[in-house]
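Colleague: Could you put together the complete structure from these sequences and hints?
The opening residue of the sequence shown carries number 28 in the numbering used here; numbering runs sequentially from there.
These aren't lab readings, by the way, just hints derived from the structure by calculation. By construction, the Cβ of each residue, glycine as well, lies at the ideal position given by its N, Cα and C atoms. Careful: at least some of the hints might be erroneous.
To be verified - Dumping the calculated SDA-like pairs for lysine to any residue here, alpha-carbon to alpha-carbon at most 25 Å:
1) Lys-168 - Val-104
2) Lys-168 - His-107
3) Lys-168 - Pro-123
4) Lys-165 - Met-266
5) Lys-165 - Ala-210
6) Lys-271 - Ala-162
7) Lys-234 - His-107
8) Lys-234 - Ile-33
9) Lys-168 - Ile-221
10) Lys-234 - Lys-168
As the list claims (entries may be wrong) - Label-pair ranges, simulated between beta-carbon atoms:
11) Ile-252 - Trp-115: 26 to 36 Å
12) Phe-58 - Thr-137: 34 to 44 Å
13) Gly-286 - Gly-226: 30 to 40 Å
14) Gln-132 - Arg-87: 28 to 38 Å
15) Leu-229 - Lys-271: 34 to 44 Å
16) Thr-137 - Trp-161: 15 to 25 Å
17) Asp-133 - Lys-168: 32 to 42 Å
18) Leu-275 - Ile-252: 43 to 53 Å
19) Thr-101 - Asp-170: 15 to 25 Å
20) Gly-226 - Ile-178: 15 to 25 Å
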Amino acid sequence: MIEALILGFVQGLTEFLPISSSAHLRILGEFLPGAQDPGAAFTAITQLGTETAVVVFFWRDIVRIISHWFGSFTGRVPRHDPDARMGWLIIIGSIPIVVLGLFFQDEIETVLRSLWITATMLVVFGIILGLADWAGAKRRKLDQITVPHGIYFGLAQSLSLIPGVSRSGGTITMGLLLGYERAAAARYAFLLAIPAVFGSGLFQLFKSFGEPAVYGPIETAAATIVAFVVAILVIAFFMNYISKHSFLPFVIYRILLGGVIFVLLGTGTIQAI
Numbered sequence: 028m029i030e031a032l033i034l035g036f037v038q039g040l041t042e043f044l045p046i047s048s049s050a051h052l053r054i055l056g057e058f059l060p061g062a063q064d065p066g067a068a069f070t071a072i073t074q075l076g077t078e079t080a081v082v083v084f085f086w087r088d089i090v091r092i093i094s095h096w097f098g099s100f101t102g103r104v105p106r107h108d109p110d111a112r113m114g115w116l117i118i119i120g121s122i123p124i125v126v127l128g129l130f131f132q133d134e135i136e137t138v139l140r141s142l143w144i145t146a147t148m149l150v151v152f153g154i155i156l157g158l159a160d161w162a163g164a165k166r167r168k169l170d171q172i173t174v175p176h177g178i179y180f181g182l183a184q185s186l187s188l189i190p191g192v193s194r195s196g197g198t199i200t201m202g203l204l205l206g207y208e209r210a211a212a213a214r215y216a217f218l219l220a221i222p223a224v225f226g227s228g229l230f231q232l233f234k235s236f237g238e239p240a241v242y243g244p245i246e247t248a249a250a251t252i253v254a255f256v257v258a259i260l261v262i263a264f265f266m267n268y269i270s271k272h273s274f275l276p277f278v279i280y281r282i283l284l285g286g287v288i289f290v291l292l293g294t295g296t297i298q299a300i
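Modeller: What follows is the structure in structure tokens.
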């Protein structure tokens, strides 16, 4: 139970920062007494807690988007309404991760969880995030997202299927490369994650019934609740932070963490699989 609570805390702390929560759970598992990977199912289920935090934090936005999206079918809301368009953009942007997640499910749960891959993704995408934050125009706002950009955002989000990339980090990086403001890119990244995370988490929850797991249902539920509480605080901090500061601290942290994992793997202190 203590291990599960620690993992839930880390999940909530890292899910919305561009540093990859799945990477942190994967790495942390090596240092807990059992010294084992918590598993893709545990990660996906605890993400239900963090994504519920997004729903709570952006509740008004979500209700408005859904109501305007449905209203656009009846003519009550113009089809070019920004919130109605956002509903379509979230649907379109969710397609890549659903398709790739189903197609590469076995690889996601096995070979892609190698710590060699995780460390590499932490460093590589940390550098890309830094370059995007430095070179991006940061002029476009949330209501300027186009359908092609929604697809690009979705493809970037799908990279988070690989531990070390980061769901928010990959999507925000794409937003910066496309010229969006930091806050706009982050806001869309959080909204875009809702269908994918709930879909993945509920699928893994259903699939976990009757299957052996590192943590039982009570431990996993407790970790999910902890992740929810911590995530609420992190979202509030992060949205305030990026409106005033760059992503440089996160870039440095990713590169340093990746480097430490390379050293630990190279010296045999931890195992890749």
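Colleague: Now, for every hint given, state plainly whether the structure supports it.
Modeller: Each hint, compared with the structure:
no.	hint	verdict
1	Lys-168 - Val-104	holds (21 Å)
2	Lys-168 - His-107	holds (16 Å)
3	Lys-168 - Pro-123	holds (23 Å)
4	Lys-165 - Met-266	holds (15 Å)
5	Lys-165 - Ala-210	holds (9 Å)
6	Lys-271 - Ala-162	holds (17 Å)
7	Lys-234 - His-107	violated (39 Å)
8	Lys-234 - Ile-33	holds (24 Å)
9	Lys-168 - Ile-221	holds (20 Å)
10	Lys-234 - Lys-168	violated (39 Å)
11	Ile-252 - Trp-115: 26 to 36 Å	holds (33 Å)
12	Phe-58 - Thr-137: 34 to 44 Å	violated (21 Å)
13	Gly-286 - Gly-226: 30 to 40 Å	holds (34 Å)
14	Gln-132 - Arg-87: 28 to 38 Å	holds (35 Å)
15	Leu-229 - Lys-271: 34 to 44 Å	holds (36 Å)
16	Thr-137 - Trp-161: 15 to 25 Å	violated (36 Å)
17	Asp-133 - Lys-168: 32 to 42 Å	holds (40 Å)
18	Leu-275 - Ile-252: 43 to 53 Å	violated (33 Å)
19	Thr-101 - Asp-170: 15 to 25 Å	holds (22 Å)
20	Gly-226 - Ile-178: 15 to 25 Å	holds (18 Å)
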